[in-house]
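J.: For the record, the sequence lines run as chains C and V.
Going from the first sequence to my numbering is simple: count from 1 and add 25.
Going from the second sequence to my numbering is simple: count from 1 and add 165.
Among the hints, erroneous ones may be present.
Pairs of lysine-lysine, DSSO-like flavour, derived with a Cα cap of 30 Å [claimed, not checked]:
(1) Lys127(C) / Lys403(V)
(2) Lys228(V) / Lys212(V)
(3) Lys161(C) / Lys212(V)
Far from chain C, by Cβ distances over 12 Å, these chain V residues were calculated [stated by the list, open to error]:
(4) Pro262
(5) Leu323
(6) Ile327
(7) Leu332
(8) Thr345
(9) Gly369
(10) His404
(11) Leu423
(12) Ile481
Think of the hints as simulated: they come from the structure by calculation, not from any bench.
Note that beta-carbon positions come from the ideal geometry of N, C-alpha and C, so glycine has one too.
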Amino acid sequence: MSQVAINADTSTAFLDVRDLTVHFKTDDGLVRAVDGLSFKLERGRTLGIVGESGSGKSVTSLAVLGLHQGRGSAKVGGQIWLDGQELVSSSREEVRRLRGQKMSMIFQDPLSAMHPFYSVGAQIVEAYRVHHDVPKHVARGRAIEMLDRVGIPQPDRRIDDYPHQFSGGMRQRAMIAMSLICNPDLLIADEPTTALDVTVQAQILDLIRDLQTEFGSAVIIITHDLGVVAELADDILVMYGGKAVEYGSAHTVFRNPEHPYTWGLLGSMPRLDREVRDRLQPIKGTPPSLINLPSGCSFHPRCAYAGTGGIPCRTEVPELIGVLQGHGVACHMPPEKRRNAFTEDIAPHL
Amino acid sequence: MLIVVSAVTFSIFFMVPRWGGATSDTLASRYVGKSASAGEIHDMAKKLGFTDPLWVQYGRFLKGIVVGADYNTGPTKVHCPAPCFGYSFIHQNPVWPELLDRMPVTLSLAAGAAVIWLLAGIATGVLSALRKGSIFDRAAMGVALAGVSLPIFFTALLSLAIFSYTLHLTAPGGSYTPITQNPLDWAYDLILPWITLAFLYAAGYARLTRAGMLETMSEDYIRTARAKGLPERTVVVKHGLRAALTPIVTIFGLDLGLLLGGAILTESTYSLPGLGLYARVALSFQDLPALLGVTLFGAFFVVTANLVVDLAYAAIDPRVRLS
Numbered sequence: 026m027s028q029v030a031i032n033a034d035t036s037t038a039f040l041d042v043r044d045l046t047v048h049f050k051t052d053d054g055l056v057r058a059v060d061g062l063s064f065k066l067e068r069g070r071t072l073g074i075v076g077e078s079g080s081g082k083s084v085t086s087l088a089v090l091g092l093h094q095g096r097g098s099a100k101v102g103g104q105i106w107l108d109g110q111e112l113v114s115s116s117r118e119e120v121r122r123l124r125g126q127k128m129s130m131i132f133q134d135p136l137s138a139m140h141p142f143y144s145v146g147a148q149i150v151e152a153y154r155v156h157h158d159v160p161k162h163v164a165r166g167r168a169i170e171m172l173d174r175v176g177i178p179q180p181d182r183r184i185d186d187y188p189h190q191f192s193g194g195m196r197q198r199a200m201i202a203m204s205l206i207c208n209p210d211l212l213i214a215d216e217p218t219t220a221l222d223v224t225v226q227a228q229i230l231d232l233i234r235d236l237q238t239e240f241g242s243a244v245i246i247i248t249h250d251l252g253v254v255a256e257l258a259d260d261i262l263v264m265y266g267g268k269a270v271e272y273g274s275a276h277t278v279f280r281n282p283e284h285p286y287t288w289g290l291l292g293s294m295p296r297l298d299r300e301v302r303d304r305l306q307p308i309k310g311t312p313p314s315l316i317n318l319p320s321g322c323s324f325h326p327r328c329a330y331a332g333t334g335g336i337p338c339r340t341e342v343p344e345l346i347g348v349l350q351g352h353g354v355a356c357h358m359p360p361e362k363r364r365n366a367f368t369e370d371i372a373p374h375l
Numbered sequence: 166m167l168i169v170v171s172a173v174t175f176s177i178f179f180m181v182p183r184w185g186g187a188t189s190d191t192l193a194s195r196y197v198g199k200s201a202s203a204g205e206i207h208d209m210a211k212k213l214g215f216t217d218p219l220w221v222q223y224g225r226f227l228k229g230i231v232v233g234a235d236y237n238t239g240p241t242k243v244h245c246p247a248p249c250f251g252y253s254f255i256h257q258n259p260v261w262p263e264l265l266d267r268m269p270v271t272l273s274l275a276a277g278a279a280v281i282w283l284l285a286g287i288a289t290g291v292l293s294a295l296r297k298g299s300i301f302d303r304a305a306m307g308v309a310l311a312g313v314s315l316p317i318f319f320t321a322l323l324s325l326a327i328f329s330y331t332l333h334l335t336a337p338g339g340s341y342t343p344i345t346q347n348p349l350d351w352a353y354d355l356i357l358p359w360i361t362l363a364f365l366y367a368a369g370y371a372r373l374t375r376a377g378m379l380e381t382m383s384e385d386y387i388r389t390a391r392a393k394g395l396p397e398r399t400v401v402v403k404h405g406l407r408a409a410l411t412p413i414v415t416i417f418g419l420d421l422g423l424l425l426g427g428a429i430l431t432e433s434t435y436s437l438p439g440l441g442l443y444a445r446v447a448l449s450f451q452d453l454p455a456l457l458g459v460t461l462f463g464a465f466f467v468v469t470a471n472l473v474v475d476l477a478y479a480a481i482d483p484r485v486r487l488s
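Let the sequences and hints guide you as you build the complete structure.
T.: Right under this line is the structure:
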C-alpha cells in the first residue's frame, strides 16, 4: 500500500473498525462469526458490545487484537484502524508488537487465563519486558506498583504467589494489572466479571472505570450483562448473528431502544430498583447458527414484529441506518412504528 | 520400599523353584560338578543354607549386603565382601563387582539414548502439534507408529546390517570403549545403539508430546500469552511446552529407571557388555544370584527414578508444592 493510499484512508477516530468480517472454515461449512461490523471509539471513551453467546462479540475483540491472524481457519476481512495504522493488512510481527503494548485484553476467567506454572509476578514482568528492554528488577518494581494500584494488599509479597493462591477477584485484579502494565491506549475487557461473585463484580467494574479515567485509554467492554454496560459504557453496540443491530450512545440505547432484539435483552434483565410486577421476559428461541443464518434479518424467527405491515424481514437483510445521526438501527420497521411499539408494548413492562 | 522389592524378588527366586518341584538339593546341584553324588549335593545344600527356612535365608542375604558373606562350598571357602548381593558360582565371582563393572556401559547407553530420544521425540511432537494435519505431522506420526511397533532386535539388526556392515559408517556390534579412555570412540561405538534405542522411545514421546501440546495450545493462558504480545516461539516453548511436559517427565523417569537396570534386547543385539547382557547370560545359565542382583539393581533405579520424578513434579508444577 502506498503512502498516499494510507493517508487517503486514514481515519480520524482512534479506533475505527470498518466492515469487519471474520469467517471460519469448518467441516460443516463457513461460519460467519462477524459479518460487516463497523464501529468507532475514541480515547477515554468506553464502548459496550452486547449480545448473546455466539453473537460474535469475543471474535470481534480477538480480531482487533490480531489473534486470528494467520492462525487456524480464520479469515479476517475489512479494516481495523488503530491510531492511524491499519491492522488487518499489517504483518503478524507488526501486530504482535502492538499487542500488550498499545492494545491489551482482560479475559473472562482469570483462573484459566493465567498460566498455572508461573507466579503472578513472573507473568506480569513478562508482559512488561516483551515491550520494554529493562532489567528484571525494574520490571518487577513496576509490577509491584501496578499490583498495588489495582488493589492487591501486600503486593511485594503476593507478587511471588501463583494464580491458584489468589482468590477469584484477586486474580482478575492481577489480570488487569498485567494488561495495563504497558499502559495501553486500548483495553478490551471480554466479560471481565462473568466468573466473579456479584460483590466482587462491582469492585472490578469500579476499578476498570477508575483506571480508565487515570490512564485515558479507550475501553471496549464485551458482555451479555446490560447492567455492566449501563454502569460503564458511553456507547453501546448490540450484536446479533455477527452483525450490529443497534448502535448508539448508552443513553439513547437505554432510553429509546429501537431494535426488537435490544428490547428482548432489556426485558430479560432483572431490575432491583422496581417492584416485581411482571415476570422476566426471555427472548424466545435460541441464537441462530452462524453457519446457516436465517434469510433476511437474522433475528426474524424470534421477532414478534417480523413481517408486520408487509415489511420484508424474511427476504432482505436490514441495513444499520442512522449511525451518523447518533443512533443506528438495523430493522425494517419504520422508525415511527418502532418508537410507538417501544413506548406502548415494551416500556410499560420493563 | 527397596526392602519390600528385595523380599519379593528374593521370594520369587527362591520360592518359585520349590513350587515348581525343585528341592534344596536340586538348587544346590547347580553349584557342584556334574558328577557329584546325591550325598555331595545334599552336603552342598546344607552348606549354602538352602535347607534353612526361607526367612532365614533372606535374613542372611540382607546381612550379606551389609557386612559381606562367606560361602563355604567345601574345599574352598569364598568370601564375598560387603555389599554382597550374592555369589555367582557360574562366574565364580561375587555379583556386586560384576554389576558395578557393567554399570558404566548401561549408563552410557541409557544416558546417550535418553538425550537423543528426548530431543527428537519432543521436537517432533511439538512440530506435529503445531502443524496438525500437515504432511509433516502425518509422516512423523507414521514413523512414530513404526517406532513403537518395531521390536528392537529387528531395528538393531537391520541398522547393524546397513550402517555397520554395508556402509561401514558405524562401529560393528560388540564395540565399546569406556568414555574415560577415549570419549570420541565412546560416542562412535555407541551412536548406533543410541539411535536404535532412542527410536523406540522417541516414537512414544513424540506421540505423547503431540497430544499434550494439542491440549495445552488451546488453553486460555496460551491466548493470554499471545495477547501480551509474546513472540510465537516464547508462547509455544515457555507457555505451551512447559505445561505439556508434566506427563513426559513421569514417563521419562520410569523409562530411564528401567533402562538403567539393563537394556536387555539392545545390549544383547549389539553385544554391549552391560547389565542387560549380563542378565541375559545369567538367565540362560540359570544363574540365580546374578539375576537376583540385576533385578534388585534395576529395582533400585526404578525406585530412585520415581523419587526424582516426584521431586521434579514440584519443580515443574507449583500447585504440587506443599504449602
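J.: Next step is simple, just say for each hint if it's right about the structure.
T.: For each hint, the structure was consulted:
1. For a cut-off of 30 Å, the pair hint linking Lys127(C) to Lys403(V) stands: about 23 Å separates their Cα positions.
2. In summary, the hint linking Lys228(V) to Lys212(V) is supported, as the alpha carbons are separated by about 17 Å, within the 30 Å threshold.
3. Distance hint between Lys161(C) and Lys212(V) is unfulfilled; the C-alpha atoms sit about 71 Å from each other, more than 30 Å.
4. Distance to chain C confirms Pro262(V) as a non-interface residue, since its nearest Cβ pair spans about 45 Å, more than 12 Å.
5. Once the 12 Å rule is applied to beta carbons, Leu323(V) is consistent with being away from chain C; the minimum gap is 40 Å.
6. Here Ile327(V) stays apart from chain C, with its beta-carbon at least about 41 Å from theirs, past the 12 Å limit.
7. At roughly 43 Å from the closest C-beta of chain C, the C-beta of Leu332(V) stays outside 12 Å, upholding its exclusion from the interface.
8. Against the 12 Å criterion, Thr345(V) stays outside the reach of chain C, whose nearest CB is about 39 Å from its own CB.
9. At roughly 24 Å, the least C-beta separation between Gly369(V) and chain C is larger than 12 Å, which holds for a residue marked as non-interface.
10. A beta-carbon of chain C is positioned within 12 Å of the beta-carbon of His404(V); the least distance is around 6 Å.
11. With a closest Cβ-Cβ approach of about 27 Å to chain C, Leu423(V) is found to remain outside the 12 Å limit, as its non-interface label requires.
12. Residue-level check failed: Ile481(V) sits 7 Å from the nearest beta carbon of chain C, not beyond 12 Å.
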